[in-house]
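Novice: Starting from the structure of chain A, add chain B where the hints point.
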Amino acid sequence: MSWPSLVAWVVPLLAGIGAYLAAFDVPSPGRRSIAVGYGTLFGLMLSALAASLLARDDTQHAWSAGMPWLLALAIAMATIVARRRRLATARTEVVAENPPASTAAGMRRSRWQSALLIALLASLGLRALVLAREIALRPLYPWDAWAAWAVKPKTWVLLGHYVPFGSIRDWLAQPPSELRTFSAFVYPDALAWLDVWFASAAGGWVEPLVNMPWLAVWLAILVAHFGQWRALGLGHARALLAVYALGSLPLLSVHAALAGYADLWIAAFFGLAFLAWVRWLHGRERPQLILAVVCAAMLPFIKLEGWVWCAALLLAIGFGALSPRWRLRGFVLALLATAVLFLGGLRFLFSLLGWTGADGGVLVENAGPFALLLQLSWHGDALTGVANALFALPSWNLFWWIVPLVVVWRWRELVTREWLRLPALLLLGCFSALMFLFLATAAADWAQSFTAINRLVLQLAPAVCSLLALLVRDAALPARANDATRELAASNDPA
Amino acid sequence: MIRRIVFAAVLLAIWLGLLGHAAGIPWKAPISSGRQLAMSGRDFLVRSGSGDQDTEGLVVSKLGDDGTALQTASLGRARAEQLRILRYRMSGFPNTLELALVFRRTDDVDDVKTVSLPSPRDGEVAIDLATVPDWQGEIREIGFAEYPTSQLVPPSTVAFEPFHIDAVTLQAPSWSQLLPRLRNDWTGYRPWSQRSINTLGAQIGTVPTSSLVATLGAGCVMSVFAGWLILPLSRRYFAKAALATALAAWVLLDANWLAELGGKHATIEKIYSGKPWSEREALQPDPGTFSAAATMSRVVAKEEAKRVLVLSDSPFTLLRMIYFMLPIDAVPLEQVAAISPEAVARAGTLIAVVDCECRYDANSGTLTKGTASFAVTPVTEQGELRVYRPREVSL
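Protein chains in written order, with my numbering: chain A, 112 to 606; chain B, 468 to 862.
Looking at chain B on its own, in the form it has when it is part of the complex:
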C-alpha cells in the first residue's frame, strides 16, 4: 500500500513538473496572479475596419479597405517583464482570419511591433510574451489586428463573420495559467502554411509553443520507469503497463492530430467547397499575382514576345508569377542579369515587374532595383503589374 502511495505521489510530481516546465511557469510562481491589468473589449477602440461596443465588449464587424481590422487600447505605463502573460478571450473568431498582437513601447512610440497570435477560436488563450524579443521596457499601447491568413486564404473569400472581443488581461506568471496555456499550445487551431510540408507545429513568426510530444513522451517513459522502480511488478504486468501506456499515448496524440487536420481542412472546405474548378483555380491566396500573370499572358500574346523576365522583391511572388504564366518562357530577371547582362535586352523579351519597390525614371528611361539598373521602355501598367521592353542593361 505504501509503495502505491509513493508511486502516486511520484506520478503527480512527474506530471506536474513536466506540465509546469512545458507551460514555462516558474516553480516559485503563485497559484493565482497578484499583478495583472484586466481590460474588457469595451476598452478597445477601432482603428481600422468597423466595430461597435456592446455591454460585454467589442463586436468587430468588418475589415478595413486595406483588408485589415485593428483595435487598440492604451495601457498607460505597463512594465513588460512584470506583465508577460497575455490572456485573451474572443468569441466567434473566423478560421479564415489570422490574429496579430500589435504594441507600442514608450521608448519608441513611432515603431509598431507585431507578432502573430494563436487563433482564439475556442475560448480563452494564454501566451507567454517573454519569448517575443520586442516585449520589453514600458508598453504604452496594445491592440489586435486581423487579416486573411497569409499564403492560404484568398482575401475575396473572407465573407466577414463578426466576432467579439470579450476580455484581455496582462498578468505575471502563475499556476492558474497552466491549463489555458497548454490547451492552446497543444490543441489550438493551426492553419496550413507553407511550412506544413516540412514540419508541423508552431509556424515561423508566431509565439513559440511547448511540445506535447516531448512532454507526453518524457512523461510516459518516466512514469513507466517509476512504476518499475517503486512497485513490485511482475515482468508480465510491467510489460502490459508499458505497452498500454505507449498505445494510449499514441492514440491520444493521433486523436489530437486528427482534430488538427480536421481544423485545417475545415478552412479549405469553407473556401473551396461547392465551387467548380474554373472558379477554384482563381481563388489563390495571392490574387494580385494571379491576375497579373493573366494580364501578362495577354500582353505577351499582343506583343508577340518570346521570353519574359520577372522582377519582384518577394521570392514567393516571383516564383508564383512564373508558375501562373506557364507555358510562357519566363525566368527571374536578376538571375539572367547576373550571368549575362547583355542577354536581358535580347529581341522578343519583355520585363514583368510585380510586387516590387523598383523605380522607373522616365527621364533616363531606366528601371532601378537596388544597385541594378535596366534601360527599358514602358509597355503597359495594369494593377500590380508593370511591363517594360528592355533596351540595354548596365549594372
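Isolated chain A (complex conformation):
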C-alpha cells in the first residue's frame, strides 16, 4: 500500500473516531470498541462526503483536496475529546466502580470455555485474513458491482471530473458528454464517492484498493456490536460468543469477500442505528438517541431501500418516545396512513416525484424497486423460496433455526422489558414488509430465484443477532434440584 493510500485510510478513520468520541461517547463498558466501530463507518462516510464536496472538478485528486479538512476535523475532535476527558475523569471513575451485574458474572469462565472462545475468535481472525487476501487479489467480481455500483465512480475517476447520470430518455435529449446513463442511475452516490476517494489515493482505478473498505465495514460491524452488547450488559464471554455468531454468518463474509455491493453497508448502519436506539431505550442516554438518528439518516445515501429502513427506524424511534396513551393513537394513525398509501396515495406520491409518465403508468427506470408497490398480486409460491433461503441453503448457518427457538425460550423478556419489546416489534415490522414484498408483489421472483431475498435479509441480520444476544444476556441455566431445594429451605427459614 502506497503512503497516499495509507494516509487516505488513517486520517478519515481518526476523524470518524474523533467525531464519535466528541459527539456521542458516554462512559460504558465496551466504549472503546463502540468508538472504533462507529468511528470507522463515520470516517469512511466523511471521506465520501469530502470527495463529493471538494473533488467534483478534479476527482483524481479527491483525497489530497479533502485531506486538510479531515485532518483539521480530526485535530479539532481530538482537542474536544481531550478537554472533555480531563473534566469528566471523576464521573468515569464512578461508573467504573459499578459495572453491570452480568459483567461480573461473565468473568467466571472455566479453562475449556476460555479455550473454546479463543478458538472461535481465532477462526474469525483467519476469516478476516482470507477476506483481505480475496479483496486484495482480484478484479471487481460480482455482477452488480461492475454493472451498477462501480459505473459512476469509475467514470468520474477516469474522466477526472464529475458528470451527472440520468435516465436514457434524458440522455437522448442531451448533447453528448453532458449527461451519462445506465440502468442504475438512480442509485445513491455515497459509495461512489467513497470509491473516488480511495481510487484517487491509489493513483487510478485500482479495484482491490477501492474495495478494501468492505473489509473495514465487516470488521467495524463486529467491533461496534461487541462494544454495544457490552454496554447493554452482556458479559465478556457472551458478547464474544455473539460476535463469533455474527462474524461466522456465511453471507456476511461473502459480501466482504466479493466486495462491491451496498448490502453490507446497509446492514452496518441499520444494525448500528438499531443498537444505539436500544441503548437509548435501555438507559435514556441522549447521545445514543442522536446517534441512532444519525445512523438511520445515512441509510438513504447508501441504497434505495435505505429509505424504507430509515423510515422504519425513525418511526420506531418516534413511537418509542411517545407516552403509552399516544402510542395507541400513533399506531392507529400509522395503519390509516398505510391504508391511504395503498388506496391511491402511493400513485399520487409517485406522480409528485415524477415517477409516472403522461399515461399514468409508472416509469420503472425512475421509481426503481418502488414501482413494485403499484402492482400487487398474491405469490404464494415465494414461501418455498423464502423457507429454502433461510432454513436450507448454507448462507446463514443455523441462524434462522435458532431465532424462533430463542424467541420462544425468552418470550417473557420480550413481554416484560419494553427496551427489548419495541426493537423486536421494529424487526417484526421490517420482516413483515419483506414478506409483503415477496408474497404480494412481482418481487416474488427474487425469492424463488434466491437473487435478492438473502441480500435483503442480510441488511437486517446484525440487528436480529443483537436482539438474540440481548434476549439471552442474563439467561441462566435452571438451578440444580438440590440447589433449588436449599434455596427454598433458606427462604422459609425464619432466621
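Don't read these hints as lab results, they were simulated from the structure. None of the values given here were measured: they were computed from a predicted structure. Quick reminder that beta carbons are idealized off the backbone N, C-alpha and C, glycines included. One should not assume that every hint holds.
Unchecked claim - Okay, the calculated bits of chain A under chain B, using three or more residues with CB under 8 Å as the criterion: (1) 132-143; (2) 227-238; (3) 280-294; (4) 361-375; (5) 438-445; (6) 501-515; (7) 549-563.
Said to hold, decoys possible - With the C-beta cut set under 7 Å, the calculated list includes, among others, these residues of chain A facing chain B: (8) Val-241; (9) Glu-245; (10) Trp-254; (11) Trp-257; (12) Ala-258; (13) Lys-265; (14) Thr-266; (15) Leu-269; (16) Leu-270; (17) Val-473; (18) Pro-589.
Specialist: For chain B alone, kept in the frame of chain A given last:
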C-alpha cells in the same frame, strides 16, 4: 437403562432417516447395488484435448485448441432409470477447471446433453442423475468435458495439470452410496460464481444437492426433543444438552463453511497471487470482452466518436463491455433503438458488436439482429469485435 437404550435407538432412527432422505435413497434400496455398469478410465476415448491410457485408467494431459477436453465411452444400451447413480473417481483434478457430464440417448443420437458436475477434487463422487431432466430412456454414450470454470477462471491462467480418470460406475440406488453422496453434497469444492453474492450452495445448471443445514437443523431439533420426551432429564441438564447441541452444530457448519471459503480462495490465489495489478487487471474470466473493449477504446479515439452503442447476444458480455470501456459513453444499442430509433444514427456514434450472432449484409449495408435491422457502414473488425458507423435505422 431401558430409557437410554430406547433413546439411542430413536437417535439412530432419526439420523439414518434424515441422512437417507437427504441422499435420496429409497427405503427399500439394497445395502449394495446389484445392478451396475462399471468402467475404468481405460474405457474412455479422448475426443478433444490430449490424454494417454495407463495401466489404471486415463491420464488427461491437455485441453484442446477450443479450451475444452472431452473423453467419452460407449455404453451399448443402458436404461437411465435403472442406472441413475453416477459414481466417478478422478485424481489430481485441478480446481481451475469445471467438469461436465455429456451423454447421448438412443432416441436422439445427434443431440448431446450436458450437465455440470461437482468437482472430483477429493476422491470419489456419487450423484443422483434422476434430478437431471434429460437422463431418461436408453443412454448410448457418456463422457466428461473439462474447461476453465466459466465466469471465474481466465483461460490463459489454466496451466494444465494432468489429471487421472480412475473409475466410473453407473448404479441403481443403494445404501452403500450414502456417504459418498452426502460427502460431496456437503463438503465438495464449489467455486465462486456470480450467484454467490446472492446465495451459497449448488449453482444454477448443476445437479441439485441435499441440504446440510436442513438435515443438521432438523436432526438437532428432533434429537433434543426425543431426549426431552424419553430421558428423565432435569431442566438444567436438558438446557445444557440443548445449548451444547446448538453450539456444536453451529461450529460444525462454520468449520465446513471455512473449509469451503478456503477452497474458493485457493483458486483465486492460484490465478492472481504474485502478479502486479497491471497484470491482474487483464486476467478477466472473459478476456475476449476485455481485449475487445481495449480495441474499441482505441477506435473511439481514432474516429473521435462521442458515443458507443453496444450490441451482444449475452447480457453479461454487453454489460462487461460497457464497464471495461469506461469512461467512454456507452449504452446498449437495443435500449436506445427501443426508445428512439432515429437516435441510433446520431453524429459521432459508433456501434460495437461483440459475442453476437448478428449478420452484416454488405450488399444492403445492414446489420441484422433478430427482427431489428440497422443501416451501417463497417469501420473495423478485430478479433471478437466488429465496429460499425450507423447511417439510419429501421425496425
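Novice: Hint by hint, say whether it matches the structure.
Specialist: Hint check:
Taking a C-beta to C-beta cut-off of 8 Å, the region 132-143 of chain A contributes 0 residues in contact with chain B, too few for the three needed, and the coverage statement is violated. Counting residues of the region 227-238 of chain A whose beta carbon lies closer than 8 Å to any beta carbon of chain B gives 4, which reaches the threshold of three, so the coverage claim holds. Counting residues of the region 280-294 of chain A whose beta carbon lies closer than 8 Å to any beta carbon of chain B gives 8, which meets the minimum of three for the stated coverage. Three residues within the 8 Å Cβ limit are the bar, and the region 361-375 of chain A against chain B gives 8, so the coverage statement holds.
Counting residues of the region 438-445 of chain A whose CB lies closer than 8 Å to any CB of chain B gives 0, which falls below the minimum of 3, so the coverage claim is violated. Judged by the Cβ-Cβ criterion of 8 Å, the region 501-515 of chain A is covered by chain B as claimed, because 10 of its residues qualify and three suffice. Evaluation of the coverage hint for the region 549-563 of chain A: fulfilled, as 3 residues show C-beta separations to chain B shorter than 8 Å, against a requirement of three. Here the hint on Val-241/A is kept, as its CB sits about 5 Å from the closest CB of chain B, short of 7 Å.
Given the 7 Å rule on beta carbons, the hint for Glu-245/A holds: about 6 Å separates it from the nearest Cβ of chain B. A hinted interface residue such as Trp-254/A counts as satisfied when its beta carbon comes closer than 7 Å to some beta carbon of chain B; here the least separation is about 5 Å, so the hint holds. Hint status for Trp-257/A: holds, given a least beta-carbon distance of 4 Å to chain B, under 7 Å. The restraint placing Ala-258/A at the interface with chain B holds, with a minimum CB-CB distance near 4 Å, inside the 7 Å limit.
Checking Lys-265/A against chain B: minimum C-beta separation of about 5 Å stays under 7 Å; hint holds. Because the smallest distance between the Cβ of Thr-266/A and any Cβ of chain B comes to about 5 Å, under 7 Å, the interface hint for this residue holds. At about 4 Å, the closest approach between the beta carbon of Leu-269/A and any beta carbon in chain B falls short of 7 Å, and the interface hint on this residue holds. For the restraint placing Leu-270/A at the interface with chain B, the shortest Cβ-Cβ distance is roughly 5 Å, inside the 7 Å limit, so the hint holds.
Violation of the interface hint for Val-473/A is found here, the shortest Cβ-Cβ separation to chain B being roughly 16 Å, above the 7 Å cut-off. Interface restraint check for Pro-589/A: the shortest CB-CB distance to chain B comes to about 4 Å, inside 7 Å, so the restraint holds.
When held up to the earlier numbered hints, the structure conflicts with 1, 5, 17 and fits the remainder.
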